[in-house]
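Participant: Sequence:
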Amino acid sequence: MREVGSRQREVQVILCCAMTLFVSGYAFQSLSFSMPGLVRDWKLAEGMIGPLLSSAIFGLLLGYLVVAPMADRVGERPVLRGAMLGLALSTLLCMVSPGIEMLALGWVLTGIAIGAALPSAVSIASRQGQVRWRGAQVVGIYVAFSLGFLAAGLTSGWLVPQAGWRAPWAAAVPLALLMVVLLGAVLPGKRAQQEKEQAGRPLAALFDPRLRTGTLLFWIMFSIGLGLFYALQSWLPLLTAREGLPFSSAVTATSLFTLGTALGALPMIWLADRMGPFRALVAMSGIGLTGIVLLGTFAARGGLPFHGAAMLAGIGIGGGQKDMVAAASLFYPPAVRTTGLGWALGLGRLGAACGPLLIGYLTMRDIESGTALLCLALPVPIVMAAAGLLERTYGRIDRAVHHPPSQGREAR
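Okay, so the sequence shown: first residue is 0 according to numbering that gives the first Met the number 0, each after it adds one.
FYI, nobody ran anything at the bench for these hints, they're computed from the structure. Worth double-checking, as some hints may not be accurate.
Using C-beta positions, here's what the derived DEER-type ranges look like [stated by the list, open to error]:
| id | residue 1 | residue 2 | range |
| --- | --- | --- | --- |
| 1 | Arg6 | Ala169 | 33 to 43 Å |
| 2 | Met274 | Arg364 | 33 to 43 Å |
| 3 | Phe246 | Pro208 | 53 to 63 Å |
| 4 | Gly36 | Leu149 | 13 to 23 Å |
| 5 | Arg364 | Thr296 | 13 to 23 Å |
| 6 | Ser247 | Pro355 | 16 to 26 Å |
For clarity, every value in this text was computed on a predicted model and none was experimentally measured. Where a beta carbon is used, it is the ideal one built from N, C-alpha and C, also for glycine.
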């Protein structure tokens, strides 16, 4: 593992990684905020909206599963700089698109760039500083991705009425180009020769006997975690409305859930430092499970208990997601870390598609909103069991200076 020469240099690297994720989050969320004006000006049929939105998700999958693993062969620095350059060009393409076909291509390319950037940035940050705080550093830069979402909402609310729905993309282009320059100046340029040799077949290395069990368990956890997040984020307003509650209640519940997903990083960092990332994930999942059950219980009544349950569910689910990313970054050796993260996040997107579909199926069968929400609690114990098995098999990976998954609990 290559150590950075000074603490000042480490801080610069971590800040660059956080800024990369911030710009990525801003660009990705800008796509969503452009939709109302885009649909109005181009008079898009409703049947075109879904495929257009899906094009960015498809690009993310390609970025996670295909492009990000290249970093384990050639290094994160060129992949990350290439991703930021690609993000600048793809958002520029979106800006000047005269029709839906070119715009969809721009969204696919934007998704590819972000899917390549996120695992690479997390992998770099996970190698900086003291071993004890690397998980917290990963969580910190991952929060920057969410802050990019928030910034996109704030700036779009001002830019779109003033300059049209293309304006937020105009802000993303110079930000991405700035990151190309900063990443080139700050990130280390070479990887250790041993890591390059170990990364000859990074995808196959994920199924090395030492990593196989952990890889499969991480895939399961990421799929369920992202599925729960997107199911609640997308369906909570509609499920609230189905119960006859006022629109203000739906907005409040959804906003508190979103706020909770960001605040979940705080208890997660505290718990992970004291009990390790896997036990912390069990605890955060328990918080999320409690919140979901309370959501289902109070769905028909609304009020303070329902809103409190929404925030509690957000804290547990959001904190659990960030814990998974931090744990995966500590679990995989540097030679295959970006591949491991990319595939976990990529397959998690499949869960992100399945979660909302499950709620949609239940509502089509006239299942009550409370019952539909309670159904979301069913897979949470699977995450808890998987995290417990990881703890039993690999121990406190956040305390190991070197990565010895084959040593099991000796890693403690």
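Participant: Which constraints among the numbered hints does this structure fail? Numbers only, ascending.
Facilitator: Of the numbered hints given earlier, the structure breaks none, since each of them holds.
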